[in-house]
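So the protein lines, in turn, are chains B and S. Note that the first sequence covers residues 5 to 302 in my numbering. Note that the second sequence covers residues 582 to 851 in my numbering.
Any given hint could be a false lead.
[Said to hold, decoys possible] To spell it out: a stretch of chain B is covered by chain S in this simulated footprint if at least three of its residues, at any positions, have a beta carbon under 8 angstroms from a beta carbon of chain S; those stretches are: (1) 29 to 38; (2) 52 to 61; (3) 129 to 139; (4) 145 to 156; (5) 283 to 292.
Treat the hints as calculated values from the structure; they're not laboratory data. Where a beta carbon is used, it is the ideal one built from N, C-alpha and C, also for glycine.
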Amino acid sequence: MAQTRLDRRERINGWLFIAPALVLLGLFMVYPIVWSLWMSFQVGKGMNLSFGGFANIMRLTQDTVFQRALTNTFTFFIVQVPIMIVLALLFAVALNDATLKFRGLFRTAIFLPCVTSLIAYSTVFKSMFASDGVINQALMALHIISGPIAWFGDPFWAKIAIIIAITWRWTGYNMIFYLAALQNIDRSIYEAARIDGVPAWARFRYLTIPMLKPVILFTTVISTIGTLQLFDEVYNFTAGTGGPADSTLTLSLYIYNLTFKFMPSFGYSATVSWVIVLVVAILSFLQFLVARDRRRKP
Amino acid sequence: MIATTLRRGLVYVLLSIAAFISVFPFLWMMIGATNTSAEIIRGKVSFGSALIANATTFFTQVDAVRIFWNSGVIAVVATVLTLAISSLAGYGFEMFRSRLRERIFALLLLLLSIPFAAMMVPLFVMFSQAKLVNTFAAVILPTIASIFIIFYFRQATKAFPSELRDAAKIDGLKEWQIFLFVYLPVMRSTYAAATIIVFMSNWNNYLWPLIVLQTAENKTITLILSALTSAYTPDYGMILFGTVLATLPTLVIFFLLQRRFVEGMLGAVK
């Protein structure tokens with residue numbers, strides 16, 4: 005009797021503790037998500053919506069601006085995420101060496117970009133990317149380029165500028181995850197491999213990488229979601245235009261423009277947002293597959 | 582031996598370059614705050630004499646007290662509420678297990694991967710129907726139940742000694758008393774780390790405030806900075822002065838609580 009009363013109290017408590025969070029998540033997350041899925045099948049201007057079936061999906065196939073935004077977003081993802089993950093891994097492995105001097109200093113410095121807001125750092129970078137600005141001058145002094153690059157006047161270089169900026173902001177963040185994971189690895193495994201004469205690159209390839217696989221997967225998925233939502237930097241760099249000539253327009257910026265700048269078409273912008281969800285789902289799934297396949301091989 | 586020394590040297594060189602590139606924009610921002618806009622876009626990398634002029638322009642164009650007050654109120658209120666709601670949930674999910682609640686938790690982790698863009702439009706419609714657009718409540722409410730922070734607290738709660746809870750129960754403490762008087766003090770470093778993460782993300786939040794805060798007197802510092810940068814010929818001296826002001830709070834918090842911060846980040850993965 006006492007036992008069942010205790011059980012019931014435990015059960016009630018279990019719900020009471022999580023209830024406030026569940027109510028808020030339901031109201032401000034689950035409900036909007038379900039609604040936007042429904043909205044994505046509706047057509048009309050402003051809130052005068054009616055069911056349109058697949059009309060929005062048909063519109064996607066004819067919308068060249070959408071297709072450009074999708075291509076741009078994908079380009080950012082495919083170029084930026086691998087560069088950042090590799091850099092973060094290399095820094096983490098270098099900093100994990102206990103005999104390295106100034107470890108704390110290096111770690112703090114490389115992590116520092118994470119404390120800036122996306123707007124603050126993109127403002128700073130915008131001023132550095134000016135055509136006679138400090139980045140062009142440094143590159144010219146190093147004889148990497150012969151004349152100044154018009155960073156935001158050229159579709160190609162505008163993308164590169166954004167990729168450089170994002171990589172600066174997020175590499176240290178990813179590095180911290182790898183450092184944490186590396187510190188959990190038993191050092192004696194490395195000692196044994198070294199005594200057996202396994203060279204450094206092989207230790208990295210066949211010990212470090214496989215053991216970090218779960219963390220690499222985690223950071224890759226997180227970075228994929230982040231890059232596919234890219235908004236703040238592009239909005240700030242290009243004063244909201246995604247220019248030049250839509251070359252930096254991302255899906256999130258296009259959704260923002262569809263909803264708040266052009267004639268509001270809530271239904272269609274919801275459809276575009278579900279394209280992001282779909283792409284994230286597919287990419288995460290592929291990343292899980294790759295991680296699993298490699299684990300089976302050795 | 583020589584190869585090892587060489588490799589060592591290479592590591593130091595590469596790390597130094599990386600550290601320099603990471604820190605340079607901070608220096609640039611501080612140097613820029615003392616230079617005129619013309620000097621900045623010419624790439625001048627030494628301190629100048631325009632600091633007072635930049636500060637004056639910034640404070641005449643921007644109602645700084647008001648704007649920083651807005652950012653501060655939003656960030657502090659959102660942080661306190663997020664910690665309260667999310668730590669309760671993290672404790673609840675870890676301490677009281679049931680199959681249904683485990684399923685809900687798994688569902689939450691799945692929701693974590695749905696981008697904000699997918700809920701942005703309905704959220705905006707909801708808040709405009711509730712006549713809450715242009716209020717701080719609209720900025721704060723959608724952020725306070727954070728799945729990431731719930732997950733973080735659940736992970737940290739795994740390290741909370743269950744003997745403490747059992748002992749408190751034998752002493753006749755109710756569950757909310759255990760949470761308030763035993764769990765909370767024991768877990769204070771978890772709370773410290775979470776405070777930094779949540780405060781920063783709210784102080785730096787952009788897209789959602791951009792959508793719901795519409796009048797100038799309600800805007801936050803990130804919105805103002807972005808608006809100033811969007812000008813056809815931005816006055817970079819004044820803008821970089823503002824950027825220094827906007828970055829200072831998070832920079833100070835970071836250096837004060839650096840160890841906690843890194844530990845907190847690490848704790849989230851373990």
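Evaluated hints:
1. 29 to 38: Satisfied; 7 residues make the cut.
2. 52 to 61: violated (count 0)
3. 129 to 139: holds (count 10)
4. 145 to 156: Our answer is that it is violated, as 0 residues pass the Cβ test (under 8 angstroms) against chain S, missing three.
5. 283 to 292: holds (count 3)
Comparing the model with each earlier hint shows violations of hints 2, 4; every other hint is respected.
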